[in-house]
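Top line first, the protein sequences correspond to chains V and A. Under UniProt numbering, the first sequence has 340 at position 340, and the numbering climbs by one with no breaks. Under UniProt numbering, the second sequence has 389 at position 389, and the numbering climbs by one with no breaks.
Since the hints were made in silico from the structure, they are not lab data. Take the hints with a grain of salt, since some may be wrong.
You can't tell identical chains apart in this list, so a pair holds if it fits in one copy or across any two.
What the hints assert, rightly or not - Computed list of lysine-lysine pairs in DSS-like fashion (alpha-carbon distance at most 27 Å, straight line): (1) 173 - 233; (2) 233 - 372; (3) 233 - 159; (4) 74 - 292; (5) 8 - 306; (6) 162 - 74.
Protein chains: 2
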Amino acid sequence: MFALEEYKQRLETVKKRMVDEGVDVLLISNPSNMFYLTNYSAWSFYVHQMMVVTLEDAQPIWIGRQMDASGVGKTTWLDEHHIISYPDFYVQSTERHPVDFVANILTEIGQSARTIGVEMDVHYFTALCYERLKHGLPNAKFKDTSSLVNWVRLIKSQKEIKFMKRAGKIVEKAMTAAYERVQIGVRECDVAAAIYHAQIQGTPEYGGDYTSIVPMLPTNENTSSPHLTWTDKTYENGDFLTIEIAGAYRRYHAPMARTMSIGTAPNEVKELAKIVEEGIEATLDFIQPGMKAEEVESVWSKTIGKYGHRKSSRLGYSVGLSFPPDWGEHTVSFRPGDETILQPNMTFHLMPGIWYSDYGVEITETIRITDKGHELLTNFSRDLYEKPVLGILPDEQTS
Amino acid sequence: MFALEEYKQRLETVKKRMVDEGVDVLLISNPSNMFYLTNYSAWSFYVHQMMVVTLEDAQPIWIGRQMDASGVGKTTWLDEHHIISYPDFYVQSTERHPVDFVANILTEIGQSARTIGVEMDVHYFTALCYERLKHGLPNAKFKDTSSLVNWVRLIKSQKEIKFMKRAGKIVEKAMTAAYERVQIGVRECDVAAAIYHAQIQGTPEYGGDYTSIVPMLPTNENTSSPHLTWTDKTYENGDFLTIEIAGAYRRYHAPMARTMSIGTAPNEVKELAKIVEEGIEATLDFIQPGMKAEEVESVWSKTIGKYGHRKSSRLGYSVGLSFPPDWGEHTVSFRPGDETILQPNMTFHLMPGIWYSDYGVEITETIRITDKGHELLTNFSRDLYEKPVLGILPDEQTS
Numbered sequence: 001m002f003a004l005e006e007y008k009q010r011l012e013t014v015k016k017r018m019v020d021e022g023v024d025v026l027l028i029s030n031p032s033n034m035f036y037l038t039n040y041s042a043w044s045f046y047v048h049q050m051m052v053v054t055l056e057d058a059q060p061i062w063i064g065r066q067m068d069a070s071g072v073g074k075t076t077w078l079d080e081h082h083i084i085s086y087p088d089f090y091v092q093s094t095e096r097h098p099v100d101f102v103a104n105i106l107t108e109i110g111q112s113a114r115t116i117g118v119e120m121d122v123h124y125f126t127a128l129c130y131e132r133l134k135h136g137l138p139n140a141k142f143k144d145t146s147s148l149v150n151w152v153r154l155i156k157s158q159k160e161i162k163f164m165k166r167a168g169k170i171v172e173k174a175m176t177a178a179y180e181r182v183q184i185g186v187r188e189c190d191v192a193a194a195i196y197h198a199q200i201q202g203t204p205e206y207g208g209d210y211t212s213i214v215p216m217l218p219t220n221e222n223t224s225s226p227h228l229t230w231t232d233k234t235y236e237n238g239d240f241l242t243i244e245i246a247g248a249y250r251r252y253h254a255p256m257a258r259t260m261s262i263g264t265a266p267n268e269v270k271e272l273a274k275i276v277e278e279g280i281e282a283t284l285d286f287i288q289p290g291m292k293a294e295e296v297e298s299v300w301s302k303t304i305g306k307y308g309h310r311k312s313s314r315l316g317y318s319v320g321l322s323f324p325p326d327w328g329e330h331t332v333s334f335r336p337g338d339e340t341i342l343q344p345n346m347t348f349h350l351m352p353g354i355w356y357s358d359y360g361v362e363i364t365e366t367i368r369i370t371d372k373g374h375e376l377l378t379n380f381s382r383d384l385y386e387k388p389v390l391g392i393l394p395d396e397q398t399s
Numbered sequence: 001m002f003a004l005e006e007y008k009q010r011l012e013t014v015k016k017r018m019v020d021e022g023v024d025v026l027l028i029s030n031p032s033n034m035f036y037l038t039n040y041s042a043w044s045f046y047v048h049q050m051m052v053v054t055l056e057d058a059q060p061i062w063i064g065r066q067m068d069a070s071g072v073g074k075t076t077w078l079d080e081h082h083i084i085s086y087p088d089f090y091v092q093s094t095e096r097h098p099v100d101f102v103a104n105i106l107t108e109i110g111q112s113a114r115t116i117g118v119e120m121d122v123h124y125f126t127a128l129c130y131e132r133l134k135h136g137l138p139n140a141k142f143k144d145t146s147s148l149v150n151w152v153r154l155i156k157s158q159k160e161i162k163f164m165k166r167a168g169k170i171v172e173k174a175m176t177a178a179y180e181r182v183q184i185g186v187r188e189c190d191v192a193a194a195i196y197h198a199q200i201q202g203t204p205e206y207g208g209d210y211t212s213i214v215p216m217l218p219t220n221e222n223t224s225s226p227h228l229t230w231t232d233k234t235y236e237n238g239d240f241l242t243i244e245i246a247g248a249y250r251r252y253h254a255p256m257a258r259t260m261s262i263g264t265a266p267n268e269v270k271e272l273a274k275i276v277e278e279g280i281e282a283t284l285d286f287i288q289p290g291m292k293a294e295e296v297e298s299v300w301s302k303t304i305g306k307y308g309h310r311k312s313s314r315l316g317y318s319v320g321l322s323f324p325p326d327w328g329e330h331t332v333s334f335r336p337g338d339e340t341i342l343q344p345n346m347t348f349h350l351m352p353g354i355w356y357s358d359y360g361v362e363i364t365e366t367i368r369i370t371d372k373g374h375e376l377l378t379n380f381s382r383d384l385y386e387k388p389v390l391g392i393l394p395d396e397q398t399s
């Protein structure tokens with residue numbers, strides 16, 4: 001848990017943004033935003049729950065399922081008057097909806113005719129949530145504040161940076177575990193198991209948290225599709241794979257991707273890996289506070305463009321605190337048109353992955369913007385790793 | 001992957017329900033429902049994607065992000081005409097929304113003025129998705145079909161049962177790993193790491209898949225709140241904990257919860273565990289096809305009621321195939337008012353957890369309804385497990 005003062009400061013900043021947006025009441029559905037303001041981290045977001053911020057109240061109000069209320073009391077700074085729970089018969093019912101209950105609470109506390117900010121494009125605020133809210137609060141006005149709190153989260157505090165550095169140490173351990181475990185005859189699931197073990201065990205000093213995206217380790221032609229996970233096939237000599245994982249410490253993430261092969265990698269993979277490495281180095285050399293997000297992408301594009309390569313997807317995005325299903329913060333993206341000015345203590349997943357129809361390469365870094373440039377949050381060679389094959393001499397290895 | 005015939009049969013059943021509901025087009029946002037119809041399982045649901053089922057077309061159409069299209073082609077039975085992707089600049093943009101693209105496709109294929117079923121209360125169909133859809137298709141009618149496909153999934157095929165039994169073997173291994181690892185001086189995260197490793201490694205014959213909910217293992221007073229995960233605190237003599245986990249095999253789940261202590265458990269935990277065990281045994285003795293879901297709950301309530309105990313939350317729910325954030329299928333619940341008639345090859349997580357303000361007990365089973373009664377999908381003692389403490393004789397153990 002952060003110091004109470006840090007939570008109060010965060011809440012004050014959120015309230016200022018609410019005023020700027022002309023919003024009297026903010027309804028938070030995004031678990032990352034709930035955690036940011038209160039430290040609430042239980043896996044209870046699979047049922048509807050919300051946090052209510054009003055301009056007047058010194059604490060947010062949590063509204064959720066009965067069996068989760070005690071966990072809110074035990075793990076957050078909210079007092080008992082700010083923890084309100086609905087009976088279990090609201091859960092996945094075709095007759096009642098938890099948001100009906102939320103609307104009634106808002107009415108009871110005199111907030112039914114206000115301008116209410118809702119996170120319109122957040123996974124946990126479904127279409128039906130909004131319909132029930134409009135039905136229950138016919139005199140309210142609604143405004144889309146999908147990423148209001150997300151933008152407050154953009155610049156990290158010293159303690160948040162410390163947490164992300166711990167996450168960085170954890171992802172180094174997890175990637176090392178993958179490198180060690182991959183071998184001919186080993187199954188993809190065995191490698192995934194080794195990654196998970198390292199992620200969760202953490203270091204002797206601090207334990208790991210679950211990551212908001214599971215390990216993704218597609219092999220061979222499946223590397224063309226970065227979000228495939230794993231199978232129970234065994235690796236063969238000459239296989240290549242991308243490994244995209246994160247370390248997490250108390251919900252703060254440091255993602256990292258690397259590309260490796262068993263024995264010699266195919267030539268096209270080797271060549272693409274070199275170009276991606278050159279591109280990421282050129283981009284890192286260039287990054288500094290004061291520049292626009294789209295400029296970061298432009299350096300990358302020019303560097304790989306010299307070799308005739310092109311990446312159609314964004315080059316990266318802000319990261320930090322998150323809950324499933326995504327570790328991105330949904331604010332800044334490194335892509336044309338994003339004119340956000342980089343500032344110290346913004347943190348990004350610099351994501352130079354290139355995916356062609358039958359193969360792909362991913363070599364990525366989590367970085368912090370510093371006063372003068374950038375700092376890597378992990379320390380791990382970016383080279384394509386060609387794992388020596390057990391029992392086969394190098395010149396016998398197939399490509 | 002299931003046989004093509006099984007996918008086609010599933011699709012036919014879905015189309016029949018669409019006709020019953022008066023729906024011409026079904027938009028699927030729930031990743032479990034996408035997987036059920038096509039085998040698509042990538043972790044790409046953190047960006048908007050949809051599957052379109054029309055009454056006329058012999059295949060669903062997948063619409064999603066460009067970098068994910070190749071994975072759909074490589075892992076499903078959809079042909080290239082049924083895989084449509086949107087450019088990356090739609091992702092998390094404030095100017096464009098992926099559902100605008102979906103609306104355009106529906107218009108192009110002549111479905112813009114139909115009755116369209118949407119999954120109104122599904123995590124991945126946000127309020128904004130619905131607003132953009134209404135905006136893009138002003139001549140369409142919309143109908144809530146949140147659980148249309150979920151209900152089709154309720155009765156499992158023989159192969160689905162086989163997958164769930166494999167998941168059952170995996171969760172036995174994961175619970176065993178937890179029992180073995182818990183000890184004085186060991187951290188909660190070390191136990192979680194052991195659970196994950198066993199879950200993902202699976203058995204020598206088949207590997208494990210990630211589970212839709214992470215391991216939950218609250219300790220001592222935190223057992224009052226079942227959805228707390230873990231910390232990096234070390235266990236002490238006399239600690240008790242609930243462990244709720246699942247095994248997963250190719251997205252099919254078998255959840256299980258148990259309660260254990262390090263050394264002697266507190267008396268109130270022991271007593272409650274005995275009552276929960278008696279309750280679950282009485283309930284299992286009673287379960288058979290032909291009865292109503294609410295009757296299952298009623299036997300349980302009467303049994304524990306004799307001892308003055310009461311559980312206010314539902315006693316269980318249907319399980320099987322799932323994606324995060326929930327392993328429940330969102331159809332049948334064991335609770336008053338649910339009059340669904342149990343039928344062979346329905347599968348449930350029978351969930352007798354009781355949570356009081358300072359402690360809780362969970363002892364659960366995943367079951368299949370058979371022709372005459374039920375079958376457990378796991379084989380694991382339900383007794384409260386009091387782990388012998390290393391280096392301390394039993395009569396020295398504190399309670």
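Check your understanding: So which hints don't hold here, by number, going up?
Key -> 2, 4 and 5
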